[in-house]
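Need the complex rebuilt from these two chains, each delivered in its own frame; the hints are there to steer you.
Below are the chains, spelled out letter by letter.
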Amino acid sequence: MKKKAGTRLHAGNESGFFTLIVVTLALTALIGGATLLSMVTTRQPVSGAMDRLDRNQATPEDMNALQNAGTEMARTARIAAAGGSLIGGGGPVPNPASPGPLSPGDKAIAGIIPRVIGRLTNQASQPALTRDNPLPDTLRSGQNAGNGSGGYNPLHDPNIKNSGRGLQSPGEVDRLGQDFQNQLPGGSDTRQQPSGMDGTVIPQPGRGGTDPAASDNQGGDYYSPYYPGDGRRRRGPDWERWATDPRHRPSDGRGGHEKPAVRPGGGSSSGSQQGTSGACPPGCHVKRDGTGGCDCSGN
Amino acid sequence: MITRFAGIQVLLAATLFLLLQGLSYGGAAGNSWKLSSSQRQYIKTYGSPQQFILLYDLPEGNVSAAPRRIESWIYLSAARFVLFDNGFFSEEQPTGVKVPKLSEAPHTRLKPERFHSSMTQKDIIRTFGKPDTTETAAFGSHTYTILRYLSKARKPGVLNISLYDGKLAGVVAGFAIQPADMDTLRKDLQGRMP
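Residue numbers (numbering that gives the first Met the number 0), protein chains in the order written: chain S, 0 to 298; chain A, 0 to 193.
It is possible that some hints are incorrect.
To be verified - Derived list of chain A stretches under chain S, where covered just means 3 residues or more per stretch with a C-beta under 8 Å from a C-beta of chain S:
| # | region |
| --- | --- |
| 1 | 6–12 |
| 2 | 46–56 |
| 3 | 66–74 |
| 4 | 80–89 |
| 5 | 154–166 |
Unchecked claim - To spell it out: a stretch of chain S is covered by chain A in this simulated footprint if at least three of its residues, at any positions, have a beta carbon under 8 Å from a beta carbon of chain A; those stretches are:
| # | region |
| --- | --- |
| 6 | 16–30 |
| 7 | 123–133 |
Hints listed in this document are in silico derivations from the structure and should not be mistaken for laboratory results.
Quick reminder that beta carbons are idealized off the backbone N, C-alpha and C, glycines included.
Just chain A, same shape as in the assembly (with noise of 0.2 Å):
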């Protein structure tokens, strides 16, 4: 009697890891951001990124396909920024700009891993509250809808938000590009944009 019901705990003990492996799979599937090493090692040097610009590349006509996650991680007290390509360090550069007081400096509590591709507006919306603005604009057949959570003394602090027809194409934390801003950005990208 004894010996029949501890087979049916094993059998049922067994089940139970199946089920669960099952769930871990399926899960799996994009729903998290793993740190690659190199990230890892910037993380155990230098800390958590202060600001960070996040997008995801989604490839034209390839619905389907996993986007490429590229990532820029501020470091303002360290005066430098570090580039990440599907999670592979790429570059490092200085800054130019050594910031003295970094709590006088606009900063994020936001960690890059907490973003991922398959969120969707109601993830974000679940996660971060609802947004100071949502703008929705007309690009080409596409759609880009923006979120701006722009109160520094909310849970995200500054934090904008851009999905590409409904899917997560940037992310940029710890600061808000304001309209005196644009001219300096403009400028600089003129001659690049296509």
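Chain S extracted, bound-state conformation (with noise of 0.2 Å):
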């Protein structure tokens, strides 16, 4: 008897799922078919008059009509966007809802929006755009900010003469450093590294105290650091008149050279570090105690 209820329990479940199911699919039916019917109701007709003037076949009244629908058109625009103010008659009215003006009287912004209509209904007058025209520089900075390449733009860089003027675009931002790269020696040398800008020149990872006379066989060389577009581009010192230069020979003969900050500005060319530090006006000779300096008295 149990069994029997259950059973009768089961079969009335069922032939519930089999109503809903019908139903939805009754529901699903109706919906596409109406979408269907709206779609094809929808479609944009046709004008005689644009017909015909798409065949070059239109009429002087084809082409009055086209006219005055477009006129009528662009007042209809200026109306709408003057918030119906321009109807005869109509007009806005004084604020019923609470004493004062509706735009606390701000002429400044009153100025604006003849501004805002006249370029608005202009554009009404125009055909519709089909794409975007070039969005302006300060939404595009945006774009760039936005991407997520870590924030820097050499375009914005201070430390750049003529950021943000003179180099537009990253393509030019690459062929001055394509131009950095050649002006140096070996050409395409991806281990010079232009020092900060302070001039200071960091020693180089696994180039620490070499020999620079060893570095230059190498193709390498340091330089003062590159500014791009004004011509400041500078040598450092003269290294291998450095490493002749007896001064810098350590007293303990050991040989090894450490090569010194370079001061900021220094610039110092090759012959005004002869004329410093450079060898012995004639008649002198180096003195031997290690110090560098001249020893004249022999003479």
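Right, dumping it as structure tokens:
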């Protein structure tokens, strides 16, 4: 008996399920049909005048009708843009909700609105846009800032001369970078790193304490910073001469050289270096006490 | 038994999915305005416009054609306004006026995307409440209806909505043109009025 009741209950559940499915399917079909119907009925009908215009068979009446439609459209646009205030007789009304002006008497803002409406209605009188006009620079730079590229943009680097003015595109920045590479001895030797902007030479990893002459043999050299565009490319100290200077020879004779930091703006040419620390004047000789001074007492 | 029950469940889920698809497709037909990429870019950069004018260009004699949507977004604090045509960026112009304190300037909290071409007067009243004034004017064989929300304290703030033959024609949000402004506006548009 119990089993019979259970079977009846199960059968009832099943019929309920099937009813639900049938109703759902019917609803789906109804909605689908309605959508299809709406697509068919909302097709844009082409007016006779437009059709004839397309076929170059427009009559003067057609042209008049189209022109009137145009002016009507422009007028409608202006009235709509003015919030209906341009309708004769209608016009704006005093604020019934609270005393005082609606837009708190700001004459400056009131002056903006006619300009905005003017541009807006001018746009309405032109064919509709089908794509974006070029976006302003302010917005484009915003796009760059938001692209997750780390935030550094050489075009906005105040350390680079003419940044944001002369350098207009990343391509131009690349070109300057290429010029820099090409001006280095040995072409595009990527081991050459310009030092910091203060002109301090930072020993390169894996090259510290190396013989300058040896580094020259590898096609390398140290350079003061490169300033793109202003021709202020300056060479640093003449390391060959520096290395041969007896004053820089360690007294213990080990022969290791350590490159000193170059002073900011030092820009010392090899000529100036010769004058200050080069060989002694004729008739003098370098002291043997390791100080590097000249001894002219023998003359 | 379990397999049969699972089969029914799958069938039901599939039917429900189809039903929802049908509903969403039917609802997408002009019932919302999706911001374009350039509009999103402006919102990302400057935020929502502080005032805006939106108008629907309804093609005369072609009632079923999709209306063209032209918008002007005004950024008082950034001293510029932008024009969009069907969502496409058209131009950006300086307002020439810098408003130092936005809190003192009229502005709206409404967003342009809230308005769409299929909005009716009923929809508007349901959304924003009863307007402070309703004006109706005959315009040739057509009818203009203007719903004005004039109280800054109310939910929509200052808002003017124009309907042309019952269809949404224009929205002016954040300000209303006052009698004192009319002379300037008329003078500016005098040469252009057809």
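For each hint, the structure was consulted:
Only residues whose C-beta sits within less than 8 Å of a C-beta in chain S count toward coverage, and the region 6–12 of chain A has 3 of them, enough to reach three; the restraint holds. Restraint check on the region 46–56 of chain A versus chain S: 4 residues with Cβ-Cβ distances below 8 Å, three needed, restraint holds. Counting residues of the region 66–74 of chain A whose C-beta lies closer than 8 Å to any C-beta of chain S gives 4; at least three are required, and the coverage claim holds. With a threshold of 8 Å between beta carbons, the proposed coverage of the region 80–89 of chain A by chain S holds, since 7 of its residues qualify and at least three are required.
With 4 residues having a beta carbon nearer than 8 Å to a beta carbon of chain S, the region 154–166 of chain A meets the requirement of three or more and the stated coverage holds. Judged by the Cβ-Cβ criterion of 8 Å, the region 16–30 of chain S is covered by chain A as claimed, because 8 of its residues qualify and three suffice. With a cut-off of 8 Å between beta carbons, the region 123–133 of chain S has 7 residues touching chain A; three or more are needed, and the interface restraint holds.
Violated hints for the displayed structure: none, as all numbered hints are satisfied.
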